[in-house]
Amino acid sequence: MGYRDNYEAWLRDFAEDEATIADLQAIAGDEKEIEDRFYKNLSFGTAGMRGVLGAGMNRMNVYTVRRATQGLADYLSDGEKKRGVVIAYDSRRMSAEFAKETALVLCANGVKTYLFDALRPVALLSFGVRHLGAAAGVVITASHNPPQYNGYKVYGEDGAQLGPEAAAAVTERINAL
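Per this note's numbering, the sequence shown starts with residue 407, numbered consecutively.
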């Protein structure tokens, strides 16, 4: 499918999501913006994914967060699902909402979930993963990027960002969706 087809599909598929539809209707006459938002899926790599907030496949939103989280859940073994995933978030716009969506998707997949009840720094997430013996961690942050960005970073059982092999395996699961 081309970017225009993807745009039209989002208008259809998310018709009940008023905020998403309003965002998509606001760009209806801007072909370059539509192309940028819909020509590809937001990339996932060793640093996770980050992008501008907004509706579209190439933007940070609840749908791209759910997709990445489903890929992570599919990557985890049954034993790792029992050990759980720790989730933290920063003060950026939509961070708390994205963290809750992450927890909901993981729980729906039988993954034990530890969600911090307030914003926490990345260092505390790394500590939490190791302290709890969790299989992974997710932090919602775009770190040093401008305020219109947010991000989704995955950490391994050692509390560090995923290495290239693990990130590639998660990416493979995400792309299979």
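Hints are not guaranteed to be accurate.
In the EDC-like style, the derived pairs of lysine to aspartate or glutamate whose C-alpha atoms are separated by at most 20 Å in a straight line are [claimed, not checked]:
{"hint": "1", "residue 1": "LYS506", "residue 2": "ASP496"}
{"hint": "2", "residue 1": "LYS446", "residue 2": "GLU486"}
{"hint": "3", "residue 1": "LYS438", "residue 2": "ASP423"}
{"hint": "4", "residue 1": "LYS488", "residue 2": "GLU424"}
{"hint": "5", "residue 1": "LYS487", "residue 2": "GLU507"}
{"hint": "6", "residue 1": "LYS518", "residue 2": "GLU486"}
Derived by calculation from the structure, the hints in this document are not laboratory data.
For a C-alpha distance cap of 20 Å, please report whether LYS488 and GLU424 respect it.
36 Å, violated
Is the Cα-Cα distance between LYS438 and ASP423 20 Å or less?
23 Å, violated
Assess, step by step, whether the Cα of LYS487 is no farther than 20 Å from the Cα of GLU507, and give holds or violated.
With Cα atoms ~17 Å apart, LYS487 and GLU507 stay inside 20 Å; holds.
Hinted pair, alpha-carbon criterion (20 Å max): LYS518, GLU486. Please report holds or violated.
The given pair, whose Cα atoms are some 9 Å apart, holds under the 20 Å limit.
Is LYS506 within 20 Å of ASP496, Cα to Cα?
Given that 20 Å is the threshold and the Cα spacing comes to 13 Å, the pair holds.
Measure nothing beyond the straight line between the CA atoms of LYS446 and GLU486; if it is 20 Å or shorter, mark the hint as holding.
30 Å, violated
This entry does not satisfy hints 2, 3, 4, going by the numbered hints stated previously.
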